[in-house]
Structure formats: C-alpha cells, structure tokens
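Construct the entire structure; sequences and hints are all you get.
This is what each chain is made of:
There are 2 protein chains.
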Amino acid sequence: MDDTGAYTQTELTRLRRRHMHARYDKDVVHDILDSGLVAHVGYVAGGRPIVTPTAYWRMGENLYFHGSAASRTLETMAEGVEVCVTVSHLDGIVHARSGFNSCMNYRAVMAFGQAVEVTDPAEKTAALDGLLDRLAPGRSKDSKPSSAQELKGTKVLRLELNEVSAKVRAGEVGDDEEDQKLDFWAGIVPVRLVVDEPVDDPDLRPGIERPDYVTKIRLGR
Amino acid sequence: MDDTGAYTQTELTRLRRRHMHARYDKDVVHDILDSGLVAHVGYVAGGRPIVTPTAYWRMGENLYFHGSAASRTLETMAEGVEVCVTVSHLDGIVHARSGFNSCMNYRAVMAFGQAVEVTDPAEKTAALDGLLDRLAPGRSKDSKPSSAQELKGTKVLRLELNEVSAKVRAGEVGDDEEDQKLDFWAGIVPVRLVVDEPVDDPDLRPGIERPDYVTKIRLGR
Numbered sequence: 005m006d007d008t009g010a011y012t013q014t015e016l017t018r019l020r021r022r023h024m025h026a027r028y029d030k031d032v033v034h035d036i037l038d039s040g041l042v043a044h045v046g047y048v049a050g051g052r053p054i055v056t057p058t059a060y061w062r063m064g065e066n067l068y069f070h071g072s073a074a075s076r077t078l079e080t081m082a083e084g085v086e087v088c089v090t091v092s093h094l095d096g097i098v099h100a101r102s103g104f105n106s107c108m109n110y111r112a113v114m115a116f117g118q119a120v121e122v123t124d125p126a127e128k129t130a131a132l133d134g135l136l137d138r139l140a141p142g143r144s145k146d147s148k149p150s151s152a153q154e155l156k157g158t159k160v161l162r163l164e165l166n167e168v169s170a171k172v173r174a175g176e177v178g179d180d181e182e183d184q185k186l187d188f189w190a191g192i193v194p195v196r197l198v199v200d201e202p203v204d205d206p207d208l209r210p211g212i213e214r215p216d217y218v219t220k221i222r223l224g225r
Numbered sequence: 005m006d007d008t009g010a011y012t013q014t015e016l017t018r019l020r021r022r023h024m025h026a027r028y029d030k031d032v033v034h035d036i037l038d039s040g041l042v043a044h045v046g047y048v049a050g051g052r053p054i055v056t057p058t059a060y061w062r063m064g065e066n067l068y069f070h071g072s073a074a075s076r077t078l079e080t081m082a083e084g085v086e087v088c089v090t091v092s093h094l095d096g097i098v099h100a101r102s103g104f105n106s107c108m109n110y111r112a113v114m115a116f117g118q119a120v121e122v123t124d125p126a127e128k129t130a131a132l133d134g135l136l137d138r139l140a141p142g143r144s145k146d147s148k149p150s151s152a153q154e155l156k157g158t159k160v161l162r163l164e165l166n167e168v169s170a171k172v173r174a175g176e177v178g179d180d181e182e183d184q185k186l187d188f189w190a191g192i193v194p195v196r197l198v199v200d201e202p203v204d205d206p207d208l209r210p211g212i213e214r215p216d217y218v219t220k221i222r223l224g225r
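Same order as they appear, the protein sequences are chains A and X. According to the numbering used here, the first sequence is numbered sequentially starting from 5. According to the numbering used here, the second sequence is numbered sequentially starting from 5.
Any given hint could be a false lead.
One copy or two, either will do: identical chains are not told apart, so a pair holds if it fits within one copy or between any two.
Calculated pairs, EDC-like style, for lysine to aspartate or glutamate (alpha carbon to alpha carbon, straight line, at most 20 Å) [to be verified]:
no.: 1; residue 1: Lys185; residue 2: Asp31
no.: 2; residue 1: Lys128; residue 2: Glu213
no.: 3; residue 1: Lys156; residue 2: Asp124
no.: 4; residue 1: Lys128; residue 2: Glu65
Calculated directly from the structure, the hints in this document are not laboratory data. Here the structure is a predicted model, which means the values were calculated and not measured.
Encoded structure:
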C-alpha cells in the first residue's frame, strides 16, 4: 500500500491483458467489497485448489471472514497458507451484434495474502459485531450477544488489504465499427441483486415489530 | 459418477461438517449450475491460489468456460492443472435472535478436476453457441457468427462433472429453543438476482426491434 490512495501493483495483481479494466484505487476496491456479502476464498490443500464461498466483511483495511472453530477450511487458512479472496458482482449482459464481442459488465476484486486468526477477544467481538451490522446496520445492538462458549466455537480470520486489484467492465456494447451496420439487435441487459420483503419467523413473539434496519442493507449496484 | 442420478462422493467432496446441507444429486447440482452465469475458478500458479471470476455454462455433464487464447489464466488451466470451479447463489439473510445463529441461505456447487481445451472445431462452435444461448435463449441464431480468426483467438475449456458436490442452506431461522422467547425480531431477508429493462445500443439501426428472448434468461432463484 502507498499513501496515494491506491494499492501498489505487484507481480500477482498487475493485469497483463485488458489493462483498461484494471483499478488499484482504494475507493474503487472498497466500494466493490462493500457491495457484496459472499466472497470466494481460494487456498491450496494437498496441492489442490479449493474455492469456498463464505460471508466476508470489510473493516478499514482488513477483510474478515469466520466460521466454526472445527472447520477444516478455516483451520487450514489459520495456519497461514496463502489465500486469494475474490469478490465479484455481475452488473449486466452485453449483447454485441457479433457473438465474439458479447460479454458481461462486472466488478471484481482479488485480494492476496495470508489470513491470520483473530485471537484478541476485543477485536474478535468487534469483528463479529461488524458482521452483524453488515448484514443489517444496527443489528449487533439488537440481538443476543454471543456467549463465551459460542465465541470459543467461532474462528475469525483477518486478511489485510495489501496485495489487491479490482477489475471493472462497465458501459457500452463493443462491436467493431463494421459490425454496427448489421441487422442484429445490440444492447445491455442489466442485472442486479435485490432484497425482497422480509419474512418474519413464524415463532416470533406477539408484539415484536420488524425493525426498519433489516432491509437497509447495501448490496449489488 | 454412478448411474443412480448422483455424483459419487470422494475425499474432496464429502462434507465433514453440516452434512445436512450436502447434496450429490445430479438434478440439484444441475439446477444450481443452470441458475448462474459467473463461476469462481480456482487454480494453483507458482504455488499460490488464484480465484478468477469467469462466465461458465453447462452442457450435459460438462461445464465450459472460455477466454482469449492469450489469457494467462486459460493458458495455465489448459495445461491440465487441477481446478476447483465454484458457483454460489445468495438466497437470503437469516437473522436469528442470537448473533451466533444468524447465517445465510445459499446454494453452491464445487466441481473439481482437470479442465481440457476444446480443440475439435465442431465442439468448439457448438460450445460457444451454447454460451450465447445461455446469455439469451436463441441468440446464437440471431447474431454474427465468429470468424475463423475470432475462433482461433478464443480458447474454450471443458470440465467434466465428475467430482462434484452441492451445499444448500434453505429455510427457517435456527435459534436455540431457549432463545425463541427473547424479545428480538427474527426472520429472513430474501435476496435474488433480477434482470432489469434492457438498454438498447445507442447506435442501433432504425427499425431494429429488441427481441423478446433477451430477457428470458434464467438467473438466481
């Protein structure tokens, strides 16, 4: 990381192709990370790649994820293996007149490094509160806190945002000029994540209102 | 694969924890794969894990993905390295009364194996048509076919569905019984991908109507 508001490019994060889509600005990276809930975390176990979808959340220059203390995945990652955390959002399908130039609009972030286990109790509690508040802003103050035993049964990992790149494809159809006169339709079909009307738990105690904050989650575009 | 309509469990695909979420039925796996457009493909390069988001599509018992013949990622994968292709859909946020039991509803598939490059011209063309028709059913017949040079510049990879598992969390809030009497709201916030009104290319020739098929794409739930 340098102090110009951008992540330093490295051998791993420098895009060899389609440079025009590469972004290293922290605000772009943060924005993509703050629009998603599920990351795909890759690591190597027994020489083979494993890609696990998992909830993640960002606090400052750290990404967090968590799971059961008994999880094989988290156990492996907590041992300090290299991970690649990828977050992507599909924003649209780009139909060019030529099949060849058809593509998708998307935003993605790849973060590389070694995840470390969060062992400090205060940081661990703050991180787990951060997850609840990511899922619904204010939820950590309006739900039952974890017991000591539950905290013990939960492993929280932190990956510092250091070796990071974003890739963004946005905008127009990219047909070659000579294809623009063809008699095919061309355009973009936008795609986005939406939150639907919440469903109350059927065992909800009488008189409990659904809090407004549960739908105030930032997601997708 | 056995002939009972399920994928055979292996060391890699057998879930050690949360067995109740594991699925090996082909129809469940196919359904999850056919609801998505972007896979996260993991592979190992120089000993480090790389997770790349990429368009994918299924034809029978094969997954396909593609890219530029000059792509480093596809080059590495075409050399026969092991890949892990993961597809996941977020279906909802599950707010339990206790932070500890809060979670997400999701569907995910992980497929392991070695991808091979599709070199047979007929299979390659059929596969790329399959992608266009996945993006919009019928599009391969209503767009400009790839030229010989474009086909040469495109690499198509195939991964046979063999070592595959699905993981599905659906349904209710999972609070412990003693927490159900607490005065916190609990419920599920459903999440799904939607397709918005298409945007015509501004350079569209006069008189070209938008085909109905462009919004008939299967996506998400």
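Note to self: One pair to classify: Lys128 and Glu65, alpha carbons no more than 20 Å apart. Within, between, both, or neither?
What the structure shows: within (16 Å within a copy, 43 Å between copies)
Note to self: At most 20 Å between CA atoms: does that hold for Lys185 and Asp31 within a copy, between copies, both, or neither?
What the structure shows: neither (39 Å within a copy, 43 Å between copies)
Note to self: When Cα atoms must be at most 20 Å apart, do Lys128 and Glu213 count as within-copy, between-copy, both, or neither?
What the structure shows: neither (30 Å within a copy, 56 Å between copies)
Notebook entry, point to check: Which holds for Lys156 with Asp124 at a C-alpha limit of 20 Å: within a copy, between copies, both or neither?
Noted result: Only inside one copy: Lys156 and Asp124 sit 12 Å apart there, 55 Å across copies, limit 20 Å.
Checked against the numbered hints listed earlier, the structure breaks hints 1, 2; every other hint is satisfied.
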